[in-house]
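Q: Take a look at the letters that make up each chain.
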Amino acid sequence: MHSLAALTPLGGPLPKTEKIGTLTISEITNCALASVTLRRGKDQAFAVAAETLFATALPAPGVWQQAGVYGLIWMGPDQWFIEAPFASHEDIAQILKAGLGDSASVTEQTDGWVRFDVQGARVVDLLERLCPAPSRRMQTGAATRTLLEHMGCLVICRETAQHFSLLAPRSYAKSLAHALTAAARSIG
Amino acid sequence: MIINHPLLGPRDSQEFTYLGDASLIERPDWQAADAVDQFYDYLYLRDNPAGLHRELWYHEQGDRSWLVVTRNTLTHDITSVELARDVAKAKGRST
Amino acid sequence: MSQINRIAGGLIDRQKTLEFQFDGKTYQGHPGDTLASALLANGVRLMGRSFKYHRPRGPLTAGSEEPNAIVALRAGARQEPNARATVAELYDGLTARSQNHIGRLSFDLLAVNDLLSPFFAAGFYYKTFMWPKAFWEKLYEPIIRRAAGLGSLSGQPDPDLYDKGFLHCDLLIIGAGPAGLAAALTAGRSGADVILADEDFVLGGRLNSETYRLDEATGADWARAAVAELASLPNVRLMARTTVLGAFDHGIYGALERVADHLPSPAAGTPRQILWRIYTKRSLLCAGAIERPIAFENNDRPGIMLGSALRSYANRWGAAVGQEVAIFTNNDEGHSTARDLLAKGLRIAAVIDSRADAPKSTAYEVLAGAVVTNTAGRLGLRSVTVGLPNGQSRRIDCQALGVSGGWNPNVHLTCHQRGRPSWDAGLAAFVPGANLPMGMSVAGAAMGQMSTTAALASGAAAAVACLADLGVSASLPKLPATEDSPLRLTPLFHVPGKGRAWLDQQNDVTVKDVKLAHQEGYISVEHLKRYTTLGMATDQGKTSNIGGLAVMAEMTGKSIPETGTTMFRPPYTPVSIAAFAGRASGVDFRPTRLTPSHHWAAEQGAVFVEVGMWLRAQWFPRAGETTWRQSVDREVLATRKSVGICDVTTLGKIDVQGTDAAEFLNRIYANAFGKLGVGKVRYGLMLREDGIAMDDGTTARLAEDHFVTTTTTANAVGVYRHLEFCRQCLWPDLDVQIISTTEAWAQYSIAGPNARKLLEKIVDPAFDISNAAFPYMGCGEITVCGGLRARLFRISFSGELAFELAVPTRYGDALMRRLVEDGREYDATVYGTEALGVMRIEKGHAAGNELNGTSTALNLGMGGMVSKKKDAIGSTLSEREGLNQPDALRLVGFRPVDPQHNFAAGSHLIGKDAEANAANDQGYLTSVAFSPSLGHSIGLGYLKNGAARTGEILRAVNPVQNAETLVEVVSAHFIDPEGERLRA
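Here the protein sequences come in this chain order: A, B and C. Taking my numbering, the leading residue of the first sequence gets 1, the next gets one more, and so forth. Taking my numbering, the leading residue of the second sequence gets 1, the next gets one more, and so forth. Taking my numbering, the leading residue of the third sequence gets 1, the next gets one more, and so forth.
Rather than coming from a laboratory, the hints here were simulated on the basis of the structure. Heads up, some of the hints might be wrong.
As the list claims (entries may be wrong) - Stretch-level coverage of chain C by chain A, calculated; a stretch enters the list once three of its residues show a Cβ under 8 Å from a Cβ in chain A:
id : region
1  : 90-102
2  : 218-227
3  : 263-275
4  : 539-553
5  : 800-811
None of these values were measured; they are calculated from a predicted model. C-beta: ideal position from N, C-alpha, C; glycine also.
So that you can see chain A by itself, here it is in the shape it has in the complex (with noise of 0.2 Å):
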């Protein structure tokens, strides 16, 4: 076991959460993240491993689905972001490229995001002030990448109109997080 302390993207020992209102908006850093791209021409070995790996084929478009332990999530053209408990999957990317082989490239973004889980009834107000992803016609499932206020995220709707989970790359963890808390504040 190495010696080195894990600092948050916020930058605190442990994830922070905010209550405001009725809407809780949580730092999550228990979640491991891996990039997972087709090569060319192994369309077949890869679904049979994917398949094998996730026991669902990967989501199509616009989707995330959660598979076992393992969130896949359709990021562009035959690549997606798998997700799975850091506690059990710090080391994701070795135990994806085991399962995937040279079918696919995998690489290693467990680090390179910060992700905020939004919840409460009005979290749909509250990303209508921030991206304009038809965030009121997301259902659970849904997931697409877009703009919030001039930073590149990924949405994901977890629970229809309850609870969204954003992700953006990691250095911006101090901006997302005061848009989101600015904007709980904002709907009142």
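Could you slot chains B and C onto chain A? The hints should help.
A: Okay, now just chains B and C, sitting in the frame of chain A:
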């Protein structure tokens, strides 16, 4: 403007970055006898139509797809949106 | 004096009284009042002075099209100039001041302009202030700016918040009058996603201002019931106080919601206004129509207003403009006004109807075939002079005159793309043309459906049609029976006469101005507008454009549609700049990106610099250091002497994988990558297709099919975009996958003779980082600090023995602290971007100053790197003759001949004895720094044929600061030119 992404549906053009004429896909052969002339034409000589224009847009704040968008430069009507990769392959570009 | 002109009825809450101030005087009003209605109820007609002639003015309208009643709302930092009193909602404690006068509103010193008006006609400024030229800035402009113009800003920071927002709907209905409400009920009941937006704070449009019934209900009650039903539908979003200000491409609309303008101040943390971007599948414009005035001499006195405004003030706000009212009309509308006001107990002095066949009345006097020719009353209307059909004139005493010249469908938003309205001779007005913004339909009075019955029916029918386009079936609702009178109108735009008859009251443009413009040859309407400024005020001429066109048409002997059309641009009504800025002001102007060592650096008191959105430590001042140079010099010297640490996370990192990854890099970089061994790093120069250098960086080969390539901080986004372009558009079948990993890894440079010793304390013992095992330009995946996965690259930007160590970002802070702690025995020094820059100049490495968008590989001294054996982006065009002249610029070093002398980047290089001019220009300095290692200034720069001119003495000429320095051409590698340190 709204760009109807072939995979993701209608998206605000704010999410995209514009490059220019889709003829940039047709990069000349470096080994052609007149390669310098061909590259010169490729890079510098473009049509500037008042009307339909095939142009490259990049979904930078999205799925990172390059798209070929056919847009009327007078009205902004967009009549077709294709994945640039498909267009490139159809034009015979491969490796 | 308490609300002497308050009359019965209206949608105001008389149970509550609100106090407000206008020009320092306290008045009372009620919830539901606007500032204008409350002032009128208090007998105040004079509300401002006109823009140019400082004529006394009162409201012309009761809505957002108001040209005259322009005031400054609130005080202090919240002062809002140029607000329309006609739409300013009254709240307790509101303060307002009139604008545009010196001295009292009732005795404006600048009213002298009015007496001088013969000199101030259209084009006056253009003609008069032309000469002498020097007078313009010093004399004319300050005087004009003081005399003209409208209100002023407070000059203090705006204390309020402004939000932006995004909404999506199937159908946006713009305007909640009869057509809009009928459409919203139709669409809402169908289940479609509907947004109904209206600029007013009470929905219902003219239904709230008219007295006719819808079935049994009053207009206001019917509207209230409709709104209540809509509010109960979850698929309908009602947006009152929301102005749809623009129609943009592909069904996108901008709308401004005034969340808190009707409150003393917004609740803490909440916005004053929200600028919404509304994405629609279809939209329905139900913006109604705007009544237009008739121009006649002195038609601008306070108390003269549109007939519809008189009705609104009386019916909706229970406010009379005066007890004795005259009406001037060219259509039946004027008679409705007379009946409504009579019913309110006001006296109708006369209805002056320009039509010979005017309706007769037993309730009031009708002067058929008559026109108003003049008026009297310095600060407010006292009487009107009527020209009778028999040629005689008659003076009629009154305090209010209601003018009805017909209705202009509110086509504003239909013009925002490229639509031009078309002329409807029956209405004598423009109606929406064929070329509407994408997805827009128009209904109700905006479409020329002028009766309430027609408006309701067309709103409902248009909603059904819009939804049918979307595949939603909606059925027509049962609509109430109501007013269905035809518009009976004989066009009359102005009454001929010698005096000044006002067309555009906000910009003080008269009928005579338009005639003068015509005389002077301004035939095009667009030129006319600019010459006279007609329609160019903040109201965009909503009440004046057609009048101006009509006068112009008369002059040219053409019809109005032949003369031109009137076009409108967003925004529909003025929007404060703060609303467009939203939250992007001050420190929140754009997001900030923080590096993994940011918190540690902040604890050290680092000075930060913005690099794009990144905040990077620029230097780390220590106790006793008073200038930045002391800190930077120390950081450089300590690094070169022992070891320095620098956070280089901001450099772009791109993971490149796939069986064709090496081939891909071969084509991306000018130099070859195919044979780079696993565990090795190579410098790469990336060209643009035109042969100019785009970016540079190092690429490490972690496995046969796996590379990590770096970009400069500034170009990270652009390079990634370029790689995706090449991958998708040029070589779509290459097996290569890329993804950014910039932020996944915290990466630190450890540089200096003791770099390896320090690292050996961090890197786990299983990994040998000796020079033999881990030579210069080596790389590998290792573990540190007892098992943490990490990447180590032996690369150097400083010229020293150096490594870059990367760990997962969450451990970056701890790694920095560990490096500092373990480095204490070597006096390890953390350095910032300044020291980084100094060291790279000392080493002669090109950076952004050199990769400046004009330099080629040859210029950079890397011409030999451009492989001729392969295809790479930019390689073909880099061979162009013009880029390969014998005297092409070459990157070389410079030092001052006298070491005490200094010189500046940007200086141009001129021969020792040559005149400093463009013809003698030999090149320029790109980067200059004081080198603490050498003890004098050093520079890098581009010099013609520079590689062959070592030892030559030139002048570095800086005409901007009027300085020049003798410099000697030297090697760009000031430190360790043989590279022994890097390989140590």
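Q: A separate judgement is required for each hint: does it hold in the structure or not?
A: Hints, one by one, checked against the model:
no., hint, in the structure
1, 90-102, "violated (count 0)"
2, 218-227, "violated (count 0)"
3, 263-275, "holds (count 6)"
4, 539-553, "violated (count 0)"
5, 800-811, "holds (count 5)"
Hints 1, 2, 4 from the list above are not met by this structure, while the remaining hints are.
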